[in-house]
Amino acid sequence: MCELLGLSSSLPATLNLSLARLAEHGGPPTSIRDGWGVAWYEGADIRLIKDAGAADTSDWLRFIGQHDLRSTIVMAHIRKATMGAPTYRNAQPFVRELAGRMHSFAHNGWLPGILKTPGFQSPRFAPVGETDSEQAFCALLDRLSTIWRTPGDIPPLERRLEIVTAFAREIRALGPANFLYSDGDALFAHGDRRKSLAIGNVTAPGLVFLQHQCSSTHSAIIANGLSVTGTDQIITLVASVPLTAEPWQAMAEGTVAVFRDGQINVNPRTDSA
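Residue numbers (my numbering): 46 to 318.
None of these hints come from the bench; they were simulated from the model. As the structure is a computational prediction, the values presented were derived from the model and not from experiment. There may be inaccurate statements among the hints.
As the list claims (entries may be wrong) - Restricting the straight-line Cα-Cα distance to at most 30 Å, the calculated cross-link-like pairs of lysine-lysine (DSBU-like) are:
no., residue 1, residue 2
1, Lys161, Lys125
2, Lys125, Lys240
3, Lys240, Lys161
Could you build the full structure based on these sequences and the hints that come with them?
Shown next as structure tokens:
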């Protein structure tokens, strides 16, 4: 299965991650080798680094490790191809401009039939690649374009959440639809179902999250393949599976959470992780 990781923090935080080790949380190291990507928000813009190959053989990871890339919103994805070849254009996160801001999207699951389902073909946004995930992103942007009209004006969070929630409800009917979406102001997370390697079934939870209070004496989240540093601030992580021994909260199937400045602005229904 693909792996998702998102970060929201009250101040710019540094997210250093070994994507190869992170992928082990979702299966054998050799099973997720079809591309990866990380997006850091820089205000309304995005610093995007992604690659078509395996995370453990990419020179770009060394570049990331050598630079202190800080952001209040970070989105990462490790790909196991189910639709579309393992090429750069099919690697996630996907990004597009809308109303003078960069929007980003990453999806875990599969959505068979989305290309032929009415309502998921956008007259304005077209996929660059061949994945069901990018087709879903284009359909979401088409819906959001009704409220994102003027550069510099951010629509009310309630209106954005309404559209994202309705969209999530639609694509859940097509297949497992865990996704992260951000407009640079907030990070939206939809938890659905994912395939369990232990039992082979598709079950909830599809996403889990953890809120962490960083202080001057306890400023880091350090785990196998993950290091997050930031002083005197709140950091929230959302991921496909728990990444640390701390008590992560599991998002109940079919719920949407909104994270902004490290705070949980819209708290989803939760199950025990």
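Inset, instruction - Enumerate the violated hints, using their earlier numbering and listing them in ascending order. - result: When the structure is compared with the hints, none of them turns out to be violated.
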